[in-house]
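First to last, the protein sequences are chains A and B. Here the working numbering is used: the first residue of the first sequence is 86, the next is one more, and so on. Here the working numbering is used: the first residue of the second sequence is 217, the next is one more, and so on.
No lab work stands behind these hints, which were simulated from the structure alone. C-beta atoms are modelled at their ideal positions from N, C-alpha and C, and glycine is treated no differently. Worth double-checking, as some hints may not be accurate.
What the hints assert, rightly or not - Residues from chain A that keep clear of chain B, each with C-beta distances beyond 12 Å, as calculated:
hint, residue
1, E101
2, A102
3, T109
4, T111
5, L129
6, E148
7, G163
8, V167
9, D169
10, V172
11, L185
12, T186
13, G188
14, H192
15, I195
16, Q196
Stated by the list, open to error - No farther apart than 27 Å at their CA atoms in a straight line, the calculated lysine-lysine pairs in the DSSO-like style are these:
hint, chain 1, residue 1, chain 2, residue 2
17, A, K162, B, K294
18, A, K189, B, K294
19, A, K141, A, K162
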Amino acid sequence: GNSVTQMEGPVTLSEEAFLTINCTYTATGYPSLFWYVQYPGEGLQLLLKATKADDKGSNKGFEATYRKETTSFHLEKGSVQVSDSAVYFCAPPGGGADGLTFGKGTHLIIQP
Amino acid sequence: GAGVSQSPRYKVAKRGQDVALRCDPISGHVSLFWYQQALGQGPEFLTYFQNEAQLDKSGLPSDRFFAERPEGSVSTLKIQRTQQEDSAVYLCASSFAVRTEAFFGQGTRLTVV
């Protein structure tokens with residue numbers, strides 16, 4: 086089945102720093118790719134998505150580009166805020182009949 | 217409803233007790249998924265429904281776990297004879313179609329004592 090490799094955390098940054106969270110995946114075909122975020126005490130929320138190669142998903146200042154040639158979907162943000170502190174999950178499909186496969190997540194801590 | 221609703225939010229069970237966790241998906245969503253999330257880990261797939269049909273249950277950890285969605289809407293995850301290792305957050309998600317974004321509920325935190 087499909088799988089995902091995501092950089093492990095915790096990642097600690099200062100406010101306004103540049104963020105990159107790496108994600109590579111293996112997948113059958115060319116699936117849609119997703120980043121989910123889990124804020125403290127809350128459920129998973131979709132952060133952004135890309136539905137085909139070379140697509141760029143963006144939301145709340147975060148961006149990720151679907152790179153078919155490197156099977157990557159790295160998450161970036163130019164200037165992080167304390168409110169971005171959360172756990173981030175890269176999720177390609179594959180978890181059972183086109184469900185999603187999740188890695189362990191990257192815990193991001195932003196310090197003021 | 218407006219979102220995926222799960223109940224109860226918290227459940228404490230004595231070891232050996234049976235529990236039932238409920239999921240109300242978004243109206244009209246065909247696909248429904250159950251995941252198990254242990255502390256500090258990502259969600260692990262348990263089972264998947266398309267309407268009332270359970271198409272994949274390969275992630276269920278043992279035959280003590282059983283899920284159903286009899287009318288293609290509400291789903292129940294049942295765990296029989298709970299063990300301490302069953303302690304986790306159980307997440308339900310629904311989506312309009314396969315390979316589309318999934319919407320998650322808040323989860324049910326199960327603690328087995």
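Hints, one by one, checked against the model:
no.: 1; hint: E101; verdict: holds (28 Å)
no.: 2; hint: A102; verdict: holds (24 Å)
no.: 3; hint: T109; verdict: holds (15 Å)
no.: 4; hint: T111; verdict: holds (16 Å)
no.: 5; hint: L129; verdict: violated (4 Å)
no.: 6; hint: E148; verdict: holds (17 Å)
no.: 7; hint: G163; verdict: holds (24 Å)
no.: 8; hint: V167; verdict: holds (22 Å)
no.: 9; hint: D169; verdict: holds (19 Å)
no.: 10; hint: V172; verdict: violated (8 Å)
no.: 11; hint: L185; verdict: violated (6 Å)
no.: 12; hint: T186; verdict: violated (7 Å)
no.: 13; hint: G188; verdict: violated (5 Å)
no.: 14; hint: H192; verdict: violated (8 Å)
no.: 15; hint: I195; verdict: holds (19 Å)
no.: 16; hint: Q196; verdict: holds (20 Å)
no.: 17; hint: A/K162 x B/K294; verdict: violated (41 Å)
no.: 18; hint: A/K189 x B/K294; verdict: holds (25 Å)
no.: 19; hint: A/K141 x A/K162; verdict: holds (13 Å)
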